[in-house]
Amino acid sequence: NAGVMQNPRHLVRRRGQEARLRCSPMKGHSHVYWYRQLPEEGLKFMVYLQKENIIDESGMPKERFSAEFPKEGPSILRIQQVVRGDSAAYFCASSPGGGYYGYTFGSGTRLTVV
Amino acid sequence: TQLLEQSPQFLSIQEGENLTVYCNSSSVFSSLQWYRQEPGEGPVLLVTVVTGGEVKKLKRLTFQFGDARKDSSLHITAAQPGDTGLYLCAGPTTNAGGTSYGKLTFGQGTILTVHP
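Read top to bottom, the protein sequences are chains S and G.
Under my numbering, the first sequence has 60 at position 60, and the numbering climbs by one with no breaks.
Under my numbering, the second sequence has 96 at position 96, and the numbering climbs by one with no breaks.
Just so you know, these hints were derived from the structure itself, not from any lab.
Think of the CB as a built atom: it goes at the ideal place given N, C-alpha and C, for glycine as much as any other residue.
There may be inaccurate statements among the hints.
[What the hints assert, rightly or not] Sample of chain S residues at the chain G side, in silico, Cβ under 8 Å:
#1 His31
#2 Tyr33
#3 Leu43
#4 Tyr48
#5 Glu63
#6 Phe65
#7 Gly85
#8 Ala88
#9 Phe91
#10 Gly99
#11 Tyr100
#12 Tyr101
#13 Tyr103
#14 Ser107
#15 Gly108
#16 Thr112
Sequences are here, hints too, so could you generate the full structure?
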């Protein structure tokens, strides 16, 4: 299955630790998007990347959050010094071009901060 | 800011009933998409509508894009328990210059429960 692969599926971190979420886009897709989902809030855009470039990070908190999509390897969403409010499901999606015709989503990483 | 509002937020029906979910905006969208999400999984794309007035059918699901491209609806005929899930509409966000560049705006979703 050459779908969008996210790992880990579940991640538990203590307050103050770092969380690293990985996403391998669908084969042939060069556009990657990260979204966060909280109950009752829907999917909120975080960041849009192409290989080695951040196209739009307007949804990312200014502090503690960063994302990259290197030339080789998966896209990484990094959350430093996690707090309880970071607990959520984080979804990665990919597309061959822009989102005009839709995304293919991964199964998500559920982050729990204890 | 482009917003998509879905209604109803919750829908609980019996197997065999029909239902319609609405997705509305005050902004024009170049396309609209519908996704279904099951618990513990990511959203799955059901359909993309791109032309004002367009109607697309996917088995018992009928999707319509408004003539002015500001709204869309999803109609399910003879709902089944397998239709249970979160239904999301989404559209490409445009920047200040009106260019769509890939980011999607999502509605808040409609949680559908179909009881046997």
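Here's how the hints hold up against the structure:
| no. | hint | result |
| --- | --- | --- |
| 1 | His31 | holds (6 Å) |
| 2 | Tyr33 | holds (7 Å) |
| 3 | Leu43 | holds (4 Å) |
| 4 | Tyr48 | holds (5 Å) |
| 5 | Glu63 | violated (22 Å) |
| 6 | Phe65 | violated (17 Å) |
| 7 | Gly85 | violated (19 Å) |
| 8 | Ala88 | violated (14 Å) |
| 9 | Phe91 | holds (5 Å) |
| 10 | Gly99 | holds (5 Å) |
| 11 | Tyr100 | holds (5 Å) |
| 12 | Tyr101 | holds (5 Å) |
| 13 | Tyr103 | holds (7 Å) |
| 14 | Ser107 | holds (5 Å) |
| 15 | Gly108 | holds (5 Å) |
| 16 | Thr112 | violated (14 Å) |
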